[in-house]
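There are 2 protein chains.
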Amino acid sequence: MYSIGVDIGAMSIKIGLVDEYGKILYKSSFKTNKNPKKAIDSIAYQIKDLLKDNNTSIQDIKGIGIGCPGAVNSKTGVIDFLPNLDWENIEIVKMLKEYFDTDIKISNDANVATLGEVVYGSAKNLNSAIMFTLGTGVGGGIVIDKKLFEGEQSRGAELGHTTLVLDGEQCSCGRKGCVECYASATALIKQTKNAMEQNKSSKMWDLVGGDINNVDGKTAFESAKQGDKTANEVVDKYVYYLGESILNMLNIFRPEAFIIGGGISNEGDFLINKLISHCEKQNYGYKDAPKTQILRATLGNDAGIIGASVLVR
Amino acid sequence: MYSIGVDIGAMSIKIGLVDEYGKILYKSSFKTNKNPKKAIDSIAYQIKDLLKDNNTSIQDIKGIGIGCPGAVNSKTGVIDFLPNLDWENIEIVKMLKEYFDTDIKISNDANVATLGEVVYGSAKNLNSAIMFTLGTGVGGGIVIDKKLFEGEQSRGAELGHTTLVLDGEQCSCGRKGCVECYASATALIKQTKNAMEQNKSSKMWDLVGGDINNVDGKTAFESAKQGDKTANEVVDKYVYYLGESILNMLNIFRPEAFIIGGGISNEGDFLINKLISHCEKQNYGYKDAPKTQILRATLGNDAGIIGASVLVR
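So the sequence lines, in the order shown, correspond to chains E and D. Going by the working numbering, the first residue of the first sequence is number 1, and it counts up by one from there. Going by the working numbering, the first residue of the second sequence is number 1001, and it counts up by one from there.
Next comes chain E alone, as it looks inside the complex (with noise of 0.2 Å):
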């Protein structure tokens, strides 16, 4: 039987159906709209098409699952707030109710991505995972018995509002020293930008035209692979920010995998290699421990769409 799933983004809303494999059969897109009640009319109109394309109906479907970014309860159905889209007290569940008589949960984006990768991605056929997605921040995710572990209100799972240096940099939560500080995105980026101002030979300056302005996730990942100096200790030092990172959450849980997901995940190998040599030099955080799986999540775009279908699978 099929499922709908529907990824909220700040810039655009995807929505798939996708059958009892998580292959998705069909998906559309399309910018998302910044007034919620509008937002909301157009995920609707767009299911009911998706529907009649593929001529089935709500009937036939085992419900709609949502992944939206934000602080999202998935018990009461409401987007408590989206930053990027200023949405507050958003009652998501209960206004496309009034378009579908079926089976509608939602949850938020990193949590859902973590759901998929272990029902039909990189952790398949696995009972527990942690996943860190590294894009704009560090977003988090926790499996465990196949089951999503959201805390109370589902305000759990900031796994990247975790401290890394006491007392260090300033995170956007208001709080200092965060894994996101050092171990997302932007922060690689930025540590990017900080080495090539202070080696103005590295070849990372070749590889962005002369113009910092683009340096982008992939600068010091690519130079590095080339042998530049500055480029790889660039990389050696996010690894080791990531790693440790890394070590905590498998001190904490003790999972069966750590899965990489988000724009740096696309580093593949080159990154997880590094990673699980870090894991294995540091006794994946303490003496004896079980060797966790360190794995690079496998359903990359799709992620959203397919583990939101979980949640009502």
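Treat the hints with care, since some could be wrong.
[Stated by the list, open to error] When the alpha-carbon atoms are kept at most 27 Å apart in a straight line, the in silico DSS-like pairs for lysine-lysine are as follows: (1) Lys1281/D <-> Lys281/E; (2) Lys1281/D <-> Lys176/E; (3) Lys105/E <-> Lys1291/D.
Everything labelled a hint here was simulated from the structure, so no lab data went into it.
We have chain E; now place chain D onto it with these hints.
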């Protein structure tokens, strides 16, 4: 129906007969034999005595629950290693089964203490709680939906071995800058001594009779209550370390309650109120986050016996 709780410590082993309300009806304590076989034989004899003294038999009790420090695999019933006694691979459940035909379970001591607090103690009637036991080290316990969460091979919940200060003080676990290095009683004693060395006029010197070797986990707290400036600085810094460590756990788990146990918890409301104040100032870790109750463990020295008994409840 009664259960038996066994609390194994490096110095002594405590055994108690616990009723279905978490009340200890009878308890005994004896010195821990460094030889594991002999220690386990002693546990068996003491349990037999306890049953006889109470005119009951092994058939009349629900089972035997054991709490033990170190790395304990609750699934296999094996003490993987207990550093303070140099025990390794001790099949304690199997060995005790040779004496008793009943349900026998084991878990780590901080785990069972947390379980005891949720079922019978400070967090009674709540479903989820995270606990720090602040003693020589910092133990951690995770209870979700009234059940212990231990991770693979029961090697998770090492909450004291998460980074507070990247590349900070050397920790006994092999890593650096762990919570344990800043928030344990051992760390507080070190912090107190350092402050005293730098402030010869502090009243803490009077409290310890001029001998710095008399400093313990209470020294700074007692002098702080009496208004000593240096002692207050030590306490404030310690609360900052501990408070930030707690906020990390709140952002990860967003539990209903966070419990402070171990020797340091004897500081009671003076400490708890400072921790609540720290958490409130920091929005409990995140904007609009639910307020987690910060509680002092109430089972005290009996936490080990009572918590262990819950394993077979």
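So, going through the hints one by one against the coordinates:
1. Lys1281/D <-> Lys281/E: violated (38 Å)
2. Lys1281/D <-> Lys176/E: Holds. Lys1281/D to Lys176/E sits at ~13 Å (cutoff 27 Å).
3. Lys105/E <-> Lys1291/D: holds (25 Å)
The structure fails hint 1 only (numbered hints given earlier).
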